[in-house]
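> Protein chains in written order, with the numbering used here: chain A, 54 to 262; chain B, 54 to 262; chain C, 54 to 262; chain D, 54 to 262.
Rather than coming from a laboratory, the hints here were simulated on the basis of the structure. Yeah, the Cβ is synthetic: ideal placement off N, Cα and C, and Gly gets one too. Treat the hints with care, since some could be wrong.
Said to hold, decoys possible - Here are the computed distance ranges between Cβ atoms for each label pair:
1. C:Ala-127 - B:Lys-90: 39 to 47 Å
2. C:Ser-113 - D:Asp-161: 30 to 38 Å
3. A:Asp-161 - B:Asp-169: 52 to 60 Å
4. C:Thr-86 - B:Ala-183: 22 to 30 Å
5. D:Glu-191 - A:Ser-68: 31 to 39 Å
6. B:Asp-219 - A:Lys-203: 26 to 34 Å
7. C:Ser-113 - B:Ser-113: 47 to 55 Å
8. C:Glu-191 - D:Pro-143: 15 to 23 Å
9. A:Asn-164 - B:Gly-101: 43 to 51 Å
Chain residues, written in single-letter form:
Protein chains: 4
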Amino acid sequence: MTQPPPKAPDSTRRSERSRRAIYDAALALVAETGYAKTTIEGIAARAGVGKQTIYRWWPSKAAVLLEAYLDLTAQAADVGDDGGGESEIPDTGDLEADLKLVLRATVDELNSPAYDGPTRALAAEGMVNAELGAQFVEKLLEPQLQLYVKRLRSAQETGDVRPGIDPRTALELFTGPLTARWLLRTLPLTHEYADAIVEYALHGIAARR
Amino acid sequence: MTQPPPKAPDSTRRSERSRRAIYDAALALVAETGYAKTTIEGIAARAGVGKQTIYRWWPSKAAVLLEAYLDLTAQAADVGDDGGGESEIPDTGDLEADLKLVLRATVDELNSPAYDGPTRALAAEGMVNAELGAQFVEKLLEPQLQLYVKRLRSAQETGDVRPGIDPRTALELFTGPLTARWLLRTLPLTHEYADAIVEYALHGIAARR
Amino acid sequence: MTQPPPKAPDSTRRSERSRRAIYDAALALVAETGYAKTTIEGIAARAGVGKQTIYRWWPSKAAVLLEAYLDLTAQAADVGDDGGGESEIPDTGDLEADLKLVLRATVDELNSPAYDGPTRALAAEGMVNAELGAQFVEKLLEPQLQLYVKRLRSAQETGDVRPGIDPRTALELFTGPLTARWLLRTLPLTHEYADAIVEYALHGIAARR
Amino acid sequence: MTQPPPKAPDSTRRSERSRRAIYDAALALVAETGYAKTTIEGIAARAGVGKQTIYRWWPSKAAVLLEAYLDLTAQAADVGDDGGGESEIPDTGDLEADLKLVLRATVDELNSPAYDGPTRALAAEGMVNAELGAQFVEKLLEPQLQLYVKRLRSAQETGDVRPGIDPRTALELFTGPLTARWLLRTLPLTHEYADAIVEYALHGIAARR
DNA sequence: AGATAACCGAGACGGTACGTCCCGTCTTTTT
DNA sequence: AAAAAGACGGGACGTACCGTCTCGGTTATCT
Numbered sequence: 054m055t056q057p058p059p060k061a062p063d064s065t066r067r068s069e070r071s072r073r074a075i076y077d078a079a080l081a082l083v084a085e086t087g088y089a090k091t092t093i094e095g096i097a098a099r100a101g102v103g104k105q106t107i108y109r110w111w112p113s114k115a116a117v118l119l120e121a122y123l124d125l126t127a128q129a130a131d132v133g134d135d136g137g138g139e140s141e142i143p144d145t146g147d148l149e150a151d152l153k154l155v156l157r158a159t160v161d162e163l164n165s166p167a168y169d170g171p172t173r174a175l176a177a178e179g180m181v182n183a184e185l186g187a188q189f190v191e192k193l194l195e196p197q198l199q200l201y202v203k204r205l206r207s208a209q210e211t212g213d214v215r216p217g218i219d220p221r222t223a224l225e226l227f228t229g230p231l232t233a234r235w236l237l238r239t240l241p242l243t244h245e246y247a248d249a250i251v252e253y254a255l256h257g258i259a260a261r262r
Numbered sequence: 054m055t056q057p058p059p060k061a062p063d064s065t066r067r068s069e070r071s072r073r074a075i076y077d078a079a080l081a082l083v084a085e086t087g088y089a090k091t092t093i094e095g096i097a098a099r100a101g102v103g104k105q106t107i108y109r110w111w112p113s114k115a116a117v118l119l120e121a122y123l124d125l126t127a128q129a130a131d132v133g134d135d136g137g138g139e140s141e142i143p144d145t146g147d148l149e150a151d152l153k154l155v156l157r158a159t160v161d162e163l164n165s166p167a168y169d170g171p172t173r174a175l176a177a178e179g180m181v182n183a184e185l186g187a188q189f190v191e192k193l194l195e196p197q198l199q200l201y202v203k204r205l206r207s208a209q210e211t212g213d214v215r216p217g218i219d220p221r222t223a224l225e226l227f228t229g230p231l232t233a234r235w236l237l238r239t240l241p242l243t244h245e246y247a248d249a250i251v252e253y254a255l256h257g258i259a260a261r262r
Numbered sequence: 054m055t056q057p058p059p060k061a062p063d064s065t066r067r068s069e070r071s072r073r074a075i076y077d078a079a080l081a082l083v084a085e086t087g088y089a090k091t092t093i094e095g096i097a098a099r100a101g102v103g104k105q106t107i108y109r110w111w112p113s114k115a116a117v118l119l120e121a122y123l124d125l126t127a128q129a130a131d132v133g134d135d136g137g138g139e140s141e142i143p144d145t146g147d148l149e150a151d152l153k154l155v156l157r158a159t160v161d162e163l164n165s166p167a168y169d170g171p172t173r174a175l176a177a178e179g180m181v182n183a184e185l186g187a188q189f190v191e192k193l194l195e196p197q198l199q200l201y202v203k204r205l206r207s208a209q210e211t212g213d214v215r216p217g218i219d220p221r222t223a224l225e226l227f228t229g230p231l232t233a234r235w236l237l238r239t240l241p242l243t244h245e246y247a248d249a250i251v252e253y254a255l256h257g258i259a260a261r262r
Numbered sequence: 054m055t056q057p058p059p060k061a062p063d064s065t066r067r068s069e070r071s072r073r074a075i076y077d078a079a080l081a082l083v084a085e086t087g088y089a090k091t092t093i094e095g096i097a098a099r100a101g102v103g104k105q106t107i108y109r110w111w112p113s114k115a116a117v118l119l120e121a122y123l124d125l126t127a128q129a130a131d132v133g134d135d136g137g138g139e140s141e142i143p144d145t146g147d148l149e150a151d152l153k154l155v156l157r158a159t160v161d162e163l164n165s166p167a168y169d170g171p172t173r174a175l176a177a178e179g180m181v182n183a184e185l186g187a188q189f190v191e192k193l194l195e196p197q198l199q200l201y202v203k204r205l206r207s208a209q210e211t212g213d214v215r216p217g218i219d220p221r222t223a224l225e226l227f228t229g230p231l232t233a234r235w236l237l238r239t240l241p242l243t244h245e246y247a248d249a250i251v252e253y254a255l256h257g258i259a260a261r262r
């Protein structure tokens, strides 16, 4: 019933060389001129590639950039063991300290221009473009969130967190406020803010002493 | 030393008729075709207005839309006393119940397509365009958040919330997770989720009993 | 000193099947969509043939079409004895009548859409592309003109045409006006016109002194 | 019943400056690189003009060039009294000599590269594009042919041409062969050929009975 | 019989130009 | 002086083809 898809290209014959060049050009242009001023035409020219080669493999500028970004983090992860925070939330036994450490690091990352620029642009695009947003969440965001799930579960086993609490929901008490402040720029993101969030939220889910 | 300002137009002679038409056209077009496909040219044509009339009074498409949107909510607020939740958070004495009520209402609002479309577009634009974002926050968001501040302060007075808690920070435990889920579409926004957030967060900031 | 020729393909191994398919596809596409909209890519697709197979054997779209057209007329000539007027100009002894007959037939042919379309396109291309034009003239046009030469020579033998006349030049008095009218569409091509041309040219337009 | 035409632009507000620049750029590019390699994009760039300004006023590259060419001849005609042969066919009383003079001049013109290039391209395009062809004939060709009509009529009055002859048809005995040879390049265009055509056509090729 | 070339289909590739859309500025005319 | 109207120079869009270039997969000789 669905109309025939418009001739999917043969991905086995895809030029790896071009893909790499496109990733590099896209990331460079976004870094230099910002997301909004980066154009597909510009990426193609910089990469020494025909425009059609981009249109053949990606549906939009945002998709190109998401993939380039993903590739970048994947590469980073390959080199060292921890590329972009994929690693772990520390588990020293002191849940509050562990969370503060992580949230402070997150605050620093969100405040660093190198991260903020492209990520913000991608996130904004994903907010409007549902398909892209889903990819953004699935590939970039959710893996990070799962680290919280793991740490909170561990805390439940040690009795630091009440058993009834759903970790996937609870984690948003910590990440939600930071994410919202970052995206909407309501107020500055500081270490003090991160600490406060941890303190306030942790009391909520912690076992009664 | 500053270069001469680019001929500020005389706002006393501004055509009210045109402004109204532009607001209407802008909102209609965003509703019909989405923010991205709405163009200044389109707005002008639809409003029966010269393009220059738009460029004279607004710096960008986003600014037009923000103002149109603000105007819309102001109108709504004028008619009934409560237009878009500008009113108050109820204060029945039961803080948990009051917050659940409000958050559930917020969930419903965020889930309604009529609200979601234009607001999401504006928010996304504001995320990338700092000036617009500031306006968005100042005019639309912060007033809403201040309602929480008021309610939490009241709860502190009744002893439902510990005195040391900063209400402006604490409120984000409630709104942050919802906002983040809405913008990033990580998981569906439900009443159950709203309830859980209130329960988890409230324990954190509540007085020890 | 001449650079090595670009690897001439081995024509003994050429696929007859492909050639036929290309001819057919090319003629069909020109008939359906016109010469300008016919593309090599389209011919290849329609013929179920790789593009390279066309580029290997022909230098240009026009060359493909000229050959296809030549093949078509050759086929036609094979079937009946007279395919496209290759035969003869009648020689009844009445030169004027014979020429009128032929020119009227030519008018009809030029007026028929089936002939006009592709021939006009090829002629127009040949006008700009000298090499193709030469082929067009040599293979298609000149053989036809030689029929006039033969008939006019015969007329000289019978004394119907003055001995000093050069037949190759004289024939253009008849064909030139028709060709020019057809190509430039200055005025409609009619039997009356053909008759008038024959009469004027044959008897001269000057008053007898 | 006809669908509304796609918004005709307001020609009173047309930029004369742009039009001139486009004419100049178009003619220069055709002279330098030939018609086929001349692109609308190239004309726009060379003229310092937006592409849309060309598309707004002309339907095709050929139309631009026809107009540029027309403008050129009109300018030439304005300066001297005779710009492009618009003048007259001489009338010395010797019809044969007068025609030979004119046809020899035509041969020279057709043989000159400066004329041949653009005219051939326009003619070829007009052969395929009927609307353009009609303009080409009406604006450029027919005015020239009418000069022959005038001269032949004069010859009829002096008795040099039989009264029954239709001048509009008869003129094609002279121009048709030249035009056909020029367009199709069947054989070279020489003064001898021009003379022969005049002689044959004027006196008839048939033997006097 | 097996090797080894060439042709062949398919179609990805770097490019160029297309014709369209919209940008933000400028100019003309009307109110 | 603001406003409706819209032409303008410019830039990017997404598409269509160009002619070249690999890819396997048949043939079709030539060892």
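> Does the hinted range 22 to 30 Å hold for C:Thr-86 and B:Ala-183 at CB?
About 53 Å separates the Cβ atoms of C:Thr-86 and B:Ala-183, which means 22 to 30 Å is violated.
> Taking the Cβ atom of C:Ala-127 and the Cβ atom of B:Lys-90, is their distance within the range 39 to 47 Å?
Since the Cβ atoms of C:Ala-127 and B:Lys-90 sit about 56 Å apart, the hinted range of 39 to 47 Å is violated.
> Within 52 to 60 Å or not, the Cβ separation of A:Asp-161 and B:Asp-169?
violated, 32 Å
> I want to verify a distance hint. Is the separation of the beta carbons of C:Ser-113 and D:Asp-161 within 30 to 38 Å?
Since C:Ser-113 and D:Asp-161 have Cβ atoms about 32 Å apart, the given range 30 to 38 Å holds.
> Could you check the hint for me, namely that A:Asn-164 and B:Gly-101 are 43 to 51 Å apart, CB to CB?
Distance hint for A:Asn-164, B:Gly-101 holds at roughly 46 Å.
> Given the range 31 to 39 Å, decide if the beta-carbon distance of D:Glu-191 to A:Ser-68 lies inside it.
violated, 53 Å
> Given a hint of 47 to 55 Å, does the C-beta separation of C:Ser-113 and B:Ser-113 actually sit inside it?
For C:Ser-113 and B:Ser-113 the Cβ distance comes to about 51 Å; the hint holds.
> Quick one: are B:Asp-219 and A:Lys-203 within 26 to 34 Å, going by C-beta?
Since the Cβ atoms of B:Asp-219 and A:Lys-203 sit about 30 Å apart, the hinted range of 26 to 34 Å holds.
> Given a hint of 15 to 23 Å, does the C-beta separation of C:Glu-191 and D:Pro-143 actually sit inside it?
violated, 38 Å
Checked against the numbered hints given earlier, the structure breaks hints 1, 3, 4, 5, 8 and satisfies all the rest.
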